[in-house]
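*Asks:* Based on the provided sequences and hints, a complete structural model is requested.
Numbering of the sequence shown is given in the UniProt record's numbering, commencing with residue 1 and proceeding in unit increments.
Worth flagging that the hints you see were computed from the coordinates, not collected in a lab. Remember, it's a predicted structure, so these values are computed and weren't measured experimentally. Think of the CB as a built atom: it goes at the ideal place given N, C-alpha and C, for glycine as much as any other residue. Mixed in with the good hints, there may be bad ones.
Label-pair ranges, simulated between beta-carbon atoms [claimed, not checked]: (1) Ser39 / Asn92: 25 to 33 Å; (2) Lys90 / Leu40: 17 to 25 Å; (3) Met100 / Lys13: 32 to 40 Å; (4) Lys31 / Leu81: 18 to 26 Å; (5) Ile97 / Ala8: 30 to 38 Å; (6) Glu99 / Glu2: 15 to 23 Å.
The calculated lysine to any residue pairs, modelled on SDA-like cross-linking and capped at a C-alpha distance of 25 Å, are [said to hold, decoys possible]: (7) Lys71 / Arg36; (8) Lys13 / Lys31; (9) Lys102 / Asn92; (10) Lys102 / Asn82; (11) Lys71 / Ala95; (12) Lys71 / Asp101; (13) Lys31 / Ile10; (14) Lys29 / Ile65; (15) Lys90 / Val59; (16) Lys102 / Arg84; (17) Lys102 / Gly83; (18) Lys29 / Asp47; (19) Lys31 / Lys102; (20) Lys71 / Ala54; (21) Lys13 / Leu32; (22) Lys90 / Met79; (23) Lys90 / Lys102; (24) Lys102 / Met66; (25) Lys16 / Ile44; (26) Lys16 / Val59; (27) Lys16 / Met6; (28) Lys71 / Glu49.
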Amino acid sequence: EERVLMEADISRKCLKRGDSQCSIFEFRKYKLAFRRYASLFFVIGFDEEENHLAILELVQAFVDIMFNIEKVHVILEEMVLNGRIVETNKNNVLAPILEMDK
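*Replies:* Shown next, in the form of structure tokens:
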């Protein structure tokens, strides 16, 4: 139940933020980054060790290449490993997908 309440609080915070406000903010003891694309919201929690801009780059890259929904999990596994961003270059992320399509 605590998780549901926290997710609802985070959703409200994201919805209240204006376009001119920063996409990275603190919530309780967490750092959050969010991006809005049409009616979709992407929210990622991270710690101080993570590069804030790399988090936003991850979201942007993921949205840019998400056109093929059945391959999303493969793409995400190429981008994130053990909770860490390992790749955001679209060409490198898509290389295994292109090999599978051959």
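*Asks:* Against each hint, give a clear statement of whether it holds in the structure.
*Replies:* So, going through the hints one by one against the coordinates:
1. Ser39 / Asn92: 25 to 33 Å: Given range 25 to 33 Å: holds, Cβ gap about 30 Å.
2. Lys90 / Leu40: 17 to 25 Å: holds (19 Å)
3. Met100 / Lys13: 32 to 40 Å: holds (39 Å)
4. Lys31 / Leu81: 18 to 26 Å: The hint (18 to 26 Å, Cβ to Cβ) holds, given that Lys31 and Leu81 are roughly 20 Å apart.
5. Ile97 / Ala8: 30 to 38 Å: The hinted range 30 to 38 Å holds for Ile97 and Ala8, with Cβ atoms some 35 Å apart.
6. Glu99 / Glu2: 15 to 23 Å: violated (43 Å)
7. Lys71 / Arg36: Cα-Cα ~22 Å, so holds.
8. Lys13 / Lys31: Distance ~13 Å between Lys13 and Lys31 Cα, so the pair holds.
9. Lys102 / Asn92: holds (16 Å)
10. Lys102 / Asn82: Not OK: Lys102 and Asn82 at ~29 Å, beyond 25 Å, violated.
11. Lys71 / Ala95: holds (12 Å)
12. Lys71 / Asp101: holds (11 Å)
13. Lys31 / Ile10: holds (11 Å)
14. Lys29 / Ile65: violated (31 Å)
15. Lys90 / Val59: It holds: about 12 Å lies between the C-alpha atoms, which stays within 25 Å.
16. Lys102 / Arg84: Violated - the C-alpha atoms of Arg84 and Lys102 are around 29 Å apart, more than 25 Å.
17. Lys102 / Gly83: violated (30 Å)
18. Lys29 / Asp47: holds (9 Å)
19. Lys31 / Lys102: With a Cα-Cα distance of about 41 Å, the restraint between Lys31 and Lys102 is violated, given a limit of 25 Å.
20. Lys71 / Ala54: With Cα atoms ~22 Å apart, Lys71 and Ala54 stay inside 25 Å; holds.
21. Lys13 / Leu32: Satisfied, since the Cα-Cα distance of roughly 11 Å is no more than 25 Å.
22. Lys90 / Met79: Measuring from Cα to Cα gives roughly 9 Å; hence the hint holds.
23. Lys90 / Lys102: Between Lys90 and Lys102 the Cα gap is close to 18 Å, so the pair holds against 25 Å.
24. Lys102 / Met66: holds (19 Å)
25. Lys16 / Ile44: This hinted pair holds, its Cα atoms lying about 17 Å apart.
26. Lys16 / Val59: holds (20 Å)
27. Lys16 / Met6: Distance of about 15 Å is within 25 Å: holds.
28. Lys71 / Glu49: violated (29 Å)
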